[in-house]
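Trainee: Could you build the full structure based on these sequences and the hints that come with them?
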Amino acid sequence: MRKTSLNCIHELANRDERVVFIGSDLGAGVLDEMKNQHPDRFYMEGVSEQHIIGMAAGMAMQGFVPYVNTIATFLTRRCFEQVAIDLCLHNLPVRLVANGGGVVYAPLGPTHLAVEDIAILRTLPNMTIIAPCDADEMGRVMTASLDIEGPVYIRLAKGGDEIVSDPSRGFEIGKAIVMRDSSDGMFMTTGVMTQLALQACAELEKDGINCGVMHHHTIKPLDGRSLEELIPSVNAVVTVEEHTRIGGLGSAVLEYCNDNIAEQSAKIVRLGLPDRFVEQYGSQNSLLANLGISVETLVETMKLKLDAVKSDVS
Amino acid sequence: MLDERSKHLRRLVIQMIRVGRRGHIGPAMSLIELLRVLYDSFLRSDPSNPRWEQRDVFILSKGHGCLAQFALLADKGYFPHEVLDTFCSPTSILGGHPEFGKVPGVEASTGALGHGICIGVGMALAIKIKKQDRRVAVVLGDGEINEGSVWESAMSASKHNLSNLTVFIDYNKLQSYGATSEVLDLEPLADKWRSFGFSVAEIDGHDVDALQKLTAQLPLDSNKPTAVICHTVKGKGIAEAEHNPKWHHKSNISEQEIENMLGQLA
Numbered sequence: 001m002r003k004t005s006l007n008c009i010h011e012l013a014n015r016d017e018r019v020v021f022i023g024s025d026l027g028a029g030v031l032d033e034m035k036n037q038h039p040d041r042f043y044m045e046g047v048s049e050q051h052i053i054g055m056a057a058g059m060a061m062q063g064f065v066p067y068v069n070t071i072a073t074f075l076t077r078r079c080f081e082q083v084a085i086d087l088c089l090h091n092l093p094v095r096l097v098a099n100g101g102g103v104v105y106a107p108l109g110p111t112h113l114a115v116e117d118i119a120i121l122r123t124l125p126n127m128t129i130i131a132p133c134d135a136d137e138m139g140r141v142m143t144a145s146l147d148i149e150g151p152v153y154i155r156l157a158k159g160g161d162e163i164v165s166d167p168s169r170g171f172e173i174g175k176a177i178v179m180r181d182s183s184d185g186m187f188m189t190t191g192v193m194t195q196l197a198l199q200a201c202a203e204l205e206k207d208g209i210n211c212g213v214m215h216h217h218t219i220k221p222l223d224g225r226s227l228e229e230l231i232p233s234v235n236a237v238v239t240v241e242e243h244t245r246i247g248g249l250g251s252a253v254l255e256y257c258n259d260n261i262a263e264q265s266a267k268i269v270r271l272g273l274p275d276r277f278v279e280q281y282g283s284q285n286s287l288l289a290n291l292g293i294s295v296e297t298l299v300e301t302m303k304l305k306l307d308a309v310k311s312d313v314s
Numbered sequence: 001m002l003d004e005r006s007k008h009l010r011r012l013v014i015q016m017i018r019v020g021r022r023g024h025i026g027p028a029m030s031l032i033e034l035l036r037v038l039y040d041s042f043l044r045s046d047p048s049n050p051r052w053e054q055r056d057v058f059i060l061s062k063g064h065g066c067l068a069q070f071a072l073l074a075d076k077g078y079f080p081h082e083v084l085d086t087f088c089s090p091t092s093i094l095g096g097h098p099e100f101g102k103v104p105g106v107e108a109s110t111g112a113l114g115h116g117i118c119i120g121v122g123m124a125l126a127i128k129i130k131k132q133d134r135r136v137a138v139v140l141g142d143g144e145i146n147e148g149s150v151w152e153s154a155m156s157a158s159k160h161n162l163s164n165l166t167v168f169i170d171y172n173k174l175q176s177y178g179a180t181s182e183v184l185d186l187e188p189l190a191d192k193w194r195s196f197g198f199s200v201a202e203i204d205g206h207d208v209d210a211l212q213k214l215t216a217q218l219p220l221d222s223n224k225p226t227a228v229i230c231h232t233v234k235g236k237g238i239a240e241a242e243h244n245p246k247w248h249h250k251s252n253i254s255e256q257e258i259e260n261m262l263g264q265l266a
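In order, the protein sequences belong to chains H and B.
Each step along the first sequence adds one to the number in our numbering, with nothing skipped, and position 121 is 121.
Each step along the second sequence adds one to the number in our numbering, with nothing skipped, and position 178 is 178.
Some hints here could point you the wrong way.
[As the list claims (entries may be wrong)] Straight-line alpha carbon distances no greater than 30 Å define the calculated DSS-like cross-link-like pairs of lysine-lysine that follow:
(1) B:Lys76 with B:Lys213
(2) H:Lys35 with B:Lys131
(3) H:Lys35 with B:Lys159
(4) B:Lys213 with H:Lys35
(5) H:Lys3 with B:Lys130
(6) B:Lys192 with B:Lys128
(7) B:Lys130 with B:Lys159
(8) H:Lys206 with H:Lys303
(9) B:Lys192 with B:Lys76
(10) H:Lys3 with B:Lys159
(11) B:Lys173 with B:Lys159
(12) B:Lys224 with B:Lys131
(13) H:Lys3 with H:Lys35
(14) B:Lys192 with B:Lys173
(15) H:Lys35 with B:Lys173
(16) B:Lys224 with H:Lys35
(17) B:Lys76 with B:Lys128
(18) B:Lys159 with B:Lys131
(19) B:Lys224 with B:Lys130
(20) B:Lys173 with B:Lys246
(21) H:Lys206 with H:Lys305
FYI, nobody ran anything at the bench for these hints, they're computed from the structure.
Mentor: Put into structure tokens, the structure is as follows:
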């Protein structure tokens with residue numbers, strides 16, 4: 001997914017002179033071809049994230065569309081004030097391409113785990129937040145990102161994730177995609193939790209329970225219209241995110257419902273990371289399972305919620 | 001001694017204070033001569049078309065000095081003088097820090113410190129990429145350069161040989177709490193900027209002739225950004241405010257204090 005996003009930046013730079021790339025201190029050889037082809041639009045500025053955000057803002061003020069790439073935690077925790085003021089207050093077309101959304105960097109420990117990035121950035125006016133589910137969708141995100149008016153945060157997954165997106169379902173920033181339909185239980189997901197939810201649906205189907213998945217590649221602006229259409233038509237909703245339960249997709253869905261379809265809120269259960277720093281290493285999947293996010297917990301949570309709703313009705 | 005134009009500009013600052021009854025008076029008064037020279041003779045601009053594509057860019061990185069910038073912008077015709085009489089009122093374009101999109105002639109919203117220079121470096125780099133003959137001037141406060149982002153930015157400016165960038169440091173030796181030498185000593189300041197790859201000049205920041213001569217020579221090195229350390233007096237022109245950290249920001253300013261200040265600037 002990261003490779004796709006970087007290649008897309010190069011392709012965008014080939015066809016649009018406004019596109020510049022700014023990295024911090026990325027791996028050796030990153031985007032060498034772009035550097036050779038467009039030396040005046042490739043910048044590796046060192047471990048100086050606060051400056052980089054301001055510099056990107058200055059370039060955007062002069063008509064460029066900078067794509068800034070580094071590790072997600074450093075783009076959100078480190079330079080929040082620069083993102084808030086330099087990018088969001090000025091509403092500038094700077095794109096933050098964030099490596100390692102969620103617990104991708106599991107072996108590297110809590111300094112590198114971006115588990116609250118969505119919550120942090122959701123508070124900022126003018127910010128668009130996107131978490132694609134696979135490399136193919138990443139390509140569509142990058143193409144669409146070029147002409148978004150304000151700042152955009154693009155949350156990258158580990159890479160090599162199963163391709164589940166399908167261009168025939170369409171793609172539009174801010175428009176959720178129903179990956180699998182249902183009138184019973186619906187998972188609402190973002191990023192690679194979409195794949196996990198699709199696996200959970202397959203397991204549930206073995207037990208005769210038909211569930212669906214609505215994939216929110218765009219968390220902000222949230223696709224409220226789709227929520228209003230879908231949630232009243234199902235019995236239970238389980239939101240799933242590789243992110244703290246505070247302030248991410250689940251919170252956004254609940255907030256929207258509370259504001260607009262308050263009577264539907266009780267249908268919703270949120271699955272996400274607990275409110276504590278991650279204490280283990282291992283792999284992304286082992287860490288997620290340890291933190292309560294796995295096919296099994298998705299299946300169990302959905303079954304419990306459907307049972308609860310149905311027993312309430314009876 | 002301040003000449004009539006310097007006194008006039010300071011009276012415009014007091015005009016705003018009379019309405020808002022508050023403001024960063026000390027940090028504005030130390031800037032007047034520098035901004036006067038920049039707007040009068042250095043910056044190529046068109047007040048009737050603030051977004052003129054060939055303009056030089058000015059960023060007040062120490063946004064709390066905006067009373068001085070607002071006085072200059074009104075004086076140069078970016079907006080009518082009457083607007084000064086709305087300072088800090090609910091629907092005014094003029095608040096306690098300068099905002100892009102509200103105030104004609106303001107290029108970036110500043111106030112949080114250590115931002116304006118980073119934006120200025122980005123603008124100077126963009127201008128260089130586009131091969132335009134335009135300059136970027138950034139004014140930093142001395143307390144402001146406590147911020148690490150300033151030095152990240154300085155490294156980047158010299159890496160890219162941004163000779164179209166000049167940073168002016170308003171070195172009035174006082175920050176909010178007290179002397180810069182005691183809060184977080186900046187010395188050796190000129191050596192610091194030199195070691196970060198800048199050409200450095202030091203100047204009396206209230207000497208209009210000297211400022212005019214120096215700015216006419218910029219850049220000092222055709223391959224480097226320039227840092228001009230302006231030795232200034234915080235609160236310059238107001239006896240009770242000079243060298244007094246308590247005048248960094250003042251609120252509840254009385255009519256008698258206003259009259260007293262205007263009396264000194266008559």
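Trainee: Broken hints, numbered, in rising order?
Mentor: 4, 9 and 15
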